[in-house]
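**Student:** Chains as they are written, first to last, in the working numbering: chain A, 104 to 338; chain B, 104 to 338.
It is possible that some hints are incorrect.
[As the list claims (entries may be wrong)] Not everything, but these chain A residues come out facing chain B in the computed CB check (under 7 Å): (1) Asn236; (2) Val244; (3) Phe249.
[Unchecked claim] What follows is a list of derived Cβ distance ranges for each label pair: (4) Asn176(B) / Val170(A): 58 to 68 Å; (5) Phe287(A) / Gly119(B): 27 to 37 Å; (6) Tyr245(A) / Phe336(B): 25 to 35 Å; (7) Glu327(B) / Met104(A): 54 to 64 Å; (8) Asn331(B) / Leu264(A): 55 to 65 Å; (9) Asn176(B) / Phe287(A): 22 to 32 Å; (10) Val170(A) / Lys204(B): 42 to 52 Å; (11) Phe336(B) / Ala163(A): 44 to 54 Å; (12) Glu174(B) / Met104(A): 49 to 59 Å; (13) Gly134(A) / Pro324(B): 44 to 54 Å; (14) Lys304(A) / Asp153(B): 52 to 62 Å; (15) Pro256(A) / Tyr245(B): 15 to 25 Å.
[What the hints assert, rightly or not] Computed list of lysine-lysine pairs in DSS-like fashion (alpha-carbon distance at most 25 Å, straight line): (16) Lys286(B) / Lys204(A); (17) Lys129(B) / Lys164(B); (18) Lys286(B) / Lys250(A); (19) Lys204(B) / Lys286(A); (20) Lys286(B) / Lys323(B); (21) Lys286(A) / Lys306(A); (22) Lys168(B) / Lys282(A); (23) Lys250(B) / Lys268(B); (24) Lys204(A) / Lys282(B).
Don't read these hints as lab results, they were simulated from the structure.
Think of the CB as a built atom: it goes at the ideal place given N, C-alpha and C, for glycine as much as any other residue.
There are 2 protein chains.
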Amino acid sequence: MKSAIIASTSTIHGSGYLDYLLDTLKQHYSGIEDIIFVPYARPSGISHDDYTAIAAKAFAKIDIKVVGLHEFNNPIEAIKKAKGIFTGGGNTFVLVNQLYKNKILEPLKDAIDNGTPYLGTSAGSNICGLTMNTTNDMPIVYPPSFKTLGIVPFNINPHYLDPIKGSTHMGETRETRIKEFHKFNTQPVIGIREGSWIEVKNKSITLRGLLDARIFTHDKPPYEIETNTSLAFLK
Amino acid sequence: MKSAIIASTSTIHGSGYLDYLLDTLKQHYSGIEDIIFVPYARPSGISHDDYTAIAAKAFAKIDIKVVGLHEFNNPIEAIKKAKGIFTGGGNTFVLVNQLYKNKILEPLKDAIDNGTPYLGTSAGSNICGLTMNTTNDMPIVYPPSFKTLGIVPFNINPHYLDPIKGSTHMGETRETRIKEFHKFNTQPVIGIREGSWIEVKNKSITLRGLLDARIFTHDKPPYEIETNTSLAFLK
Chain A
104 MKSAIIASTS TIHGSGYLDY LLDTLKQHYS GIEDIIFVPY ARPSGISHDD
154 YTAIAAKAFA KIDIKVVGLH EFNNPIEAIK KAKGIFTGGG NTFVLVNQLY
204 KNKILEPLKD AIDNGTPYLG TSAGSNICGL TMNTTNDMPI VYPPSFKTLG
254 IVPFNINPHY LDPIKGSTHM GETRETRIKE FHKFNTQPVI GIREGSWIEV
304 KNKSITLRGL LDARIFTHDK PPYEIETNTS LAFLK
Chain B
104 MKSAIIASTS TIHGSGYLDY LLDTLKQHYS GIEDIIFVPY ARPSGISHDD
154 YTAIAAKAFA KIDIKVVGLH EFNNPIEAIK KAKGIFTGGG NTFVLVNQLY
204 KNKILEPLKD AIDNGTPYLG TSAGSNICGL TMNTTNDMPI VYPPSFKTLG
254 IVPFNINPHY LDPIKGSTHM GETRETRIKE FHKFNTQPVI GIREGSWIEV
304 KNKSITLRGL LDARIFTHDK PPYEIETNTS LAFLK
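All chains should be modelled from the sequences, with the hints used to inform the complete structure.
**Tutor:** This is the structure:
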């Protein structure tokens with residue numbers, strides 16, 4: 104049974120890495136002793152080893168061992184055999200570029216479709232949408248394509264940020280950016296705020312966490328939906 | 104003689120479109136009656152016609168006529184024959200995609216190198232750097248390449264934004280993003296704040312406007328430079 108957690112962020116303000124999700128992850132990876140961590144997004148450009156150590160430290164709290172995908176000679180086989188998978192955040196362009204280079208996208212999609220429990224945070228969540236066209240990241244490398252996994256039939260905007268009242272900055276708000284996206288694309292976008300996640304359980308897709316999320320479609324004004332709402336309508 | 108103005112923004116908070124630059128533009132385009140406007144970046148997805156009308160209204164104040172590049176059957180010839188050129192802001196991915204599709208990059212670079220006075224704002228400034236890898240924009244379309252004009256031998260980050268003190272948002276600051284860029288690229292980046300511009304006069308490159316700018320290089324910590332400083336050292 105397909106089972107994925109697609110989280111806005113790894114960390115909420117004032118708490119440690121993955122802390123707010125640990126109870127959920129204990130259930131999500133129940134019975135699993137070790138998972139594979141995809142460290143490709145390299146936040147602040149840290150090394151694959153250093154990033155894997157951060158993930159390992161958090162998962163040790165729920166007695167799960169973490170092995171970095173970069174440690175395998177054959178990462179495709181590693182993904183196929185993984186008991187659980189976690190893709191961490193960082194830069195989505197760097198992540199997607201590396202997934203294409205290592206030919207991991209197809210096996211990763213197959214593994215998730217076949218029921219390997221998956222966790223994505225931030226960039227690791229972005230890749231669960233149809234494309235990475237709604238990432239917030241800076242395009243510091245040029246990936247071969249913006250097409251991503253399509254675990255859900257829409258696009259994701261993690262770290263969704265409401266307009267800052269009274270700001271004098273002339274750069275676009277997040278909402279303006281997503282509206283521009285819809286001048287060129289038709290798939291819906293969900294803006295998930297830090298602390299929210301999308302839970303995929305077989306064919307059901309549900310908003311979880313404490314916060315509302317914002318829905319953007321190409322043909323009507325954006326609107327809010329409450330947590331625990333089914334997202335089955337969104338396609 | 105090469106003559107370009109590469110501005111952080113078209114508009115500063117509390118004033119009209121291009122207002123803060125009009126005196127400078129009067130000199131920049133001195134003796135020129137009509138310029139070509141490149142409306143490809145389509146801010147908020149507005150049409151080429153609507154965007155050209157906005158530029159035309161501003162330039163009417165200094166008695167310069169504006170014609171949209173989209174109005175020409177042969178845009179390559181139009182760029183070659185232009186007396187002055189202005190590329191407006193919007194989405195850098197949309198702009199660069201359209202420049203590649205219409206094969207405008209090469210003729211545009213030639214025109215600027217040969218002395219056609221150029222103004223870029225925001226996305227229209229981003230393309231004056233070596234690549235568009237340091238844009239702030241959302242990647243809503245996939246351009247054939249991130250390589251841009253290289254009018255200056257470094258990269259540009261327009262609308263440069265200092266970290267917001269006390270923010271609880273976990274998304275990356277602008278500085279973090281540019282630092283990540285330097286894990287994968289070596290060219291310097293200049294972060295120009297809203298109200299600043301880079302003046303290119305033949306071989307001299309100078310920071311102009313009222314504000315300092317921030318310099319990022321791949322091998323040392325970022326630092327500030329004062330307005331009216333030569334940027335000749337930056338390569």
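**Student:** Against this structure, judge whether each hint is valid.
**Tutor:** Do the hints match the structure? See the list:
1. Asn236: 5 Å, holds
2. Val244: 5 Å, holds
3. Phe249: 5 Å, holds
4. Asn176(B) / Val170(A): 58 to 68 Å: 60 Å, holds
5. Phe287(A) / Gly119(B): 27 to 37 Å: Given about 28 Å between the Cβ atoms, the range holds.
6. Tyr245(A) / Phe336(B): 25 to 35 Å: Holds, at about 28 Å.
7. Glu327(B) / Met104(A): 54 to 64 Å: 55 Å, holds
8. Asn331(B) / Leu264(A): 55 to 65 Å: 35 Å, violated
9. Asn176(B) / Phe287(A): 22 to 32 Å: 24 Å, holds
10. Val170(A) / Lys204(B): 42 to 52 Å: 44 Å, holds
11. Phe336(B) / Ala163(A): 44 to 54 Å: 48 Å, holds
12. Glu174(B) / Met104(A): 49 to 59 Å: Taking Cβ atoms as reference, glutamate 174(B) and methionine 104(A) lie about 57 Å apart, which means the hint holds.
13. Gly134(A) / Pro324(B): 44 to 54 Å: About 47 Å separates the Cβ atoms of glycine 134(A) and proline 324(B), which means 44 to 54 Å holds.
14. Lys304(A) / Asp153(B): 52 to 62 Å: Because 46 Å falls outside the window, the suggested range is violated.
15. Pro256(A) / Tyr245(B): 15 to 25 Å: The hinted range 15 to 25 Å holds for proline 256(A) and tyrosine 245(B), with Cβ atoms some 20 Å apart.
16. Lys286(B) / Lys204(A): The given pair, whose Cα atoms are some 18 Å apart, holds under the 25 Å limit.
17. Lys129(B) / Lys164(B): 10 Å, holds
18. Lys286(B) / Lys250(A): Given that 25 Å is the threshold and the Cα spacing comes to 24 Å, the pair holds.
19. Lys204(B) / Lys286(A): 18 Å, holds
20. Lys286(B) / Lys323(B): Since the Cα atoms of lysine 286(B) and lysine 323(B) sit roughly 12 Å apart, the hinted pair holds (cutoff 25 Å).
21. Lys286(A) / Lys306(A): 29 Å, violated
22. Lys168(B) / Lys282(A): Violated, because 31 Å separates the two Cα atoms, which is more than 25 Å.
23. Lys250(B) / Lys268(B): 34 Å, violated
24. Lys204(A) / Lys282(B): It holds: about 23 Å lies between the C-alpha atoms, which stays within 25 Å.
Consistency with the previously given hints fails for numbers 8, 14, 21, 22, 23, ordered from lowest to highest.
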